[in-house]
Amino acid sequence: MKNRYAVRFYKDGNIRYISHLDLLRLFKRTFKRAGIRLQYSQGFNPHPKMSFAQPLSLGYSSSSEYLEFETQNTYSTDVIAEKLNSLMPEGLGILSCEELPDKEKSLAAMTEAADYEITIPVDDSLEIENTDLLREYISQDQIKVMKRQKKSGRKIEINIKPLIYSISVDRRGNCIMLEAKLAAGSVSNLSPELVLTTFCEFTDISYDRATVAIKRKEIYFIK
Amino acid sequence: MTLSKQLDKLLMRAEKPGRYIGGELHTEKKNPAAISTRFGFAFPDTYEIGMSYLGLQIIYHILNKMESVYCERVFAPANDMENLMRKESLPLFTLETKSPVKDLDILGFTLQYELSFSNILNMLNLGGIPYRSAERDASFPFIAAGGPCAFNPEPLADIIDFFMIGDGEDILPQVCKAHDRWKESGKDKDEFLKSLIEINGIYVPKFYTPSYYEDGQLKAIKKNYDKAPDRIEKQIVENLNQAEFPQKTIVPLIETVHDRAVVEVFRGCTRGCRFCQAGMIYRPVRERSKETIKQIAARQLEETGHDELSILSLSTSDHSEIEPLVEELMSVCKDNNVSLSLPSLRLDSFSFKVLQEIQGYKKSGLTFAPEAGTQRLRNVINKTITDADIYHGIEKAIELGWTNIKLYFMLGLPTETFEDLDGIVEIAKNITDINYRITGKRGRFNITVSVSSFVPKAHTPFQWHPQDTADVFLEKQLYLKDKLKKIKGVSYNYHGTDSSYLEAVFARGDRRLSEVLIKAVTLGCKFDSWREHLKYDLWMQAFRETGIDPNFYAHRERTYDMVLPWDIIDSGVTKEFLISENNKAIQETQSPDCRLHCIGCGINQKAECTMGERYEE
Ligand code: SF4
Chain A
16 MKNRYAVRFY
26 KDGNIRYISH
36 LDLLRLFKRT
46 FKRAGIRLQY
56 SQGFNPHPKM
66 SFAQPLSLGY
76 SSSSEYLEFE
86 TQNTYSTDVI
96 AEKLNSLMPE
106 GLGILSCEEL
116 PDKEKSLAAM
126 TEAADYEITI
136 PVDDSLEIEN
146 TDLLREYISQ
156 DQIKVMKRQK
166 KSGRKIEINI
176 KPLIYSISVD
186 RRGNCIMLEA
196 KLAAGSVSNL
206 SPELVLTTFC
216 EFTDISYDRA
226 TVAIKRKEIY
236 FIK
Chain B
292 MTLSKQLDKL
302 LMRAEKPGRY
312 IGGELHTEKK
322 NPAAISTRFG
332 FAFPDTYEIG
342 MSYLGLQIIY
352 HILNKMESVY
362 CERVFAPAND
372 MENLMRKESL
382 PLFTLETKSP
392 VKDLDILGFT
402 LQYELSFSNI
412 LNMLNLGGIP
422 YRSAERDASF
432 PFIAAGGPCA
442 FNPEPLADII
452 DFFMIGDGED
462 ILPQVCKAHD
472 RWKESGKDKD
482 EFLKSLIEIN
492 GIYVPKFYTP
502 SYYEDGQLKA
512 IKKNYDKAPD
522 RIEKQIVENL
532 NQAEFPQKTI
542 VPLIETVHDR
552 AVVEVFRGCT
562 RGCRFCQAGM
572 IYRPVRERSK
582 ETIKQIAARQ
592 LEETGHDELS
602 ILSLSTSDHS
612 EIEPLVEELM
622 SVCKDNNVSL
632 SLPSLRLDSF
642 SFKVLQEIQG
652 YKKSGLTFAP
662 EAGTQRLRNV
672 INKTITDADI
682 YHGIEKAIEL
692 GWTNIKLYFM
702 LGLPTETFED
712 LDGIVEIAKN
722 ITDINYRITG
732 KRGRFNITVS
742 VSSFVPKAHT
752 PFQWHPQDTA
762 DVFLEKQLYL
772 KDKLKKIKGV
782 SYNYHGTDSS
792 YLEAVFARGD
802 RRLSEVLIKA
812 VTLGCKFDSW
822 REHLKYDLWM
832 QAFRETGIDP
842 NFYAHRERTY
852 DMVLPWDIID
862 SGVTKEFLIS
872 ENNKAIQETQ
882 SPDCRLHCIG
892 CGINQKAECT
902 MGERYEE
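Chains as they are written, first to last, in our numbering: chain A, 16 to 238; chain B, 292 to 908.
The set of hints was computed from the structure by calculation and includes no laboratory data.
Note that the structure is a prediction, hence the values are computed from the model and not measured.
Treat the hints with care, since some could be wrong.
To be verified - Distance condition first, Cα-Cα at most 25 angstroms in a straight line; then the derived DSS-like pairs of lysine-lysine:
(1) Lys321(B) to Lys356(B)
(2) Lys64(A) to Lys625(B)
(3) Lys232(A) to Lys300(B)
Given these sequences and hints, build the entire structure.
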């Protein structure tokens, strides 16, 4: 019998500027401080059994991230959530904790999609008709991007349209808000950056990446 | 727009935004409006380096315990961030409240190495603060400095308002209290500086005027304010065991150079190496007891969740209870999945036993620092390790399966000849032979010989010696290269000498160098301790344009009767002692370790020294 759990947490504010590796170290220390002993891997360089469902890019906020881990002892999920939450720094908070079945695959292996919210500040004078714009963008046969292949380093053209499961656009004040459900996980994955660039290119919207906010709102798993 | 808002825009563009966000575990939140002394602890290098420095944690903890004080941290932004900040006119800020440093009452820099001086000036500039003390009116914070390089404060004398000399634990609270009182009084800036000199260890450069002979030699540093002390005695924390030590240390959110729990186990060193400034200025040796160390370590691990523990001192093996201490710490660590790191262990049989038990050591290799290649030169520098010690240790290491040996030496030590360099080659050669004798193989065994360039330092017996010139260094480096490359399995590390030369200039410089520093920073010098950032040509241009000859500081042979710029600072070790040690060096004779025999350095006139003849007891 393993003690497998997953916590769902949010990441917001300045702490979104730490990488997922830093976040992993933070959780590792937090478990230690909470007195929750993690299970360690065997071998010469043992490391705690703990991983994210899906790493979150530097600078993104999220209202729903998942960390799974294995502990040496059994705990009630409330105790875990409470203990961890009391030790979280500003910008991080535990939303819930669940037990995971023994035999199931890792959350990372089960991740299939994620919701993103992309907020693009634009010029007040920019006049756009939301629905038209979006309809045109998404009704393209193909949405092509150049992507560098990991192995060969060569650039190839890929069509990202099938990886966009749904998308909507909204104008709020001087921002354009894109909400999209995108493929995520190890099988196929689409970065919201590519949606941002292709959308803005297609609609001719000029933007400053440093002022665009991207938030992950949910992660979906294979049932 | 508030600074925080402005900053937010830059963080998206910065290479490592995590350096600038603050909000780490155990950082302090206070309301600046309710504070009478806002203190900025400034580390003149990047976040990752500054946060690895234990002194920061100690001072941060001590100052923030005071109700009237808020200590915040300030680091040098990396070049990419600095450019963004300058473009968007974002001033240098504190990590805690994102306040411009200009809003602080005192901005205190820690001086850990000379090559960070340019960063201090650059940071002032980024904060909108004029370089020179004389140009700062009451609207600017007081600029202070402390740390080892404050033992020769003169190169920064025109820039820093006051220096704090010696241990920081007590002097910083005293300074802040004096500031509270001064602020209450509403008096002018000078009155604060005048009130400070009542505190032991404070040097206010504007109360002193240097004069020079025609040939450029320093004639005297005379007081121009009669109440100022003739010499500034360093502050000493006599009882380290009872001194404050943080348990809730700040835990960085991003990876830093040293990411671990640390306990300082003792301060000072009894070995008396003649080149070593730390060994002279941190006297006398003061220990924390085994129980105190264990208790601090356990609490720190609990409070931080770190998975590595390290103990800190100049020579770990010399702690009076080292064996039980290490054994007990090892068991604490084992129980908690924490790894123990033990720097600067002397390689005796106990250390080998310990290293065997601590996993991962073999991979990183075994380090020896004989510093000099022959017994003669080791006598000169008072390094007690003998050839027999080295070979014995190596034999043991090879028998235990180590395949990676690192050897550290210094080039340019006083009296060094090519015979001493041959000694280095011989040591490397002999070690490969020992390996062959034991393992029967020549392959899969590597020795790394690293040489550094000797920099004579103030307050050491070698403070009168010239530094080797760049040509001589290069000749010696290449001589070694030529000989070492003939030995199979030996790799050789040496570096350009530009940075050691600059370090030598500032380590024994005088007040005239303040001008050079300002010039160099205006030309664009910063991050000089980073090989990739050091702009040596600009430095030379700064010397030329200010009409100051750097060789005067680096290459000149000084005589005992000369006035030295750092004579104004009393480290507790007497000049007579330094002279006698230097004379013994020239005669190639060693002095004993304090624990065998007190050799009268003078520190026991200032504070209790429990070291002399410890072994006799
Ligand atoms: S007073 Fe004597 S024992 Fe103490 S540090 Fe000085 S030389 Fe060593």
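Here is what the structure says about each hint:
1. Lys321(B) to Lys356(B): holds, 11 angstroms
2. Lys64(A) to Lys625(B): Holds. Lys64(A) to Lys625(B) sits at ~18 angstroms (cutoff 25 angstroms).
3. Lys232(A) to Lys300(B): Holds, at roughly 22 angstroms.
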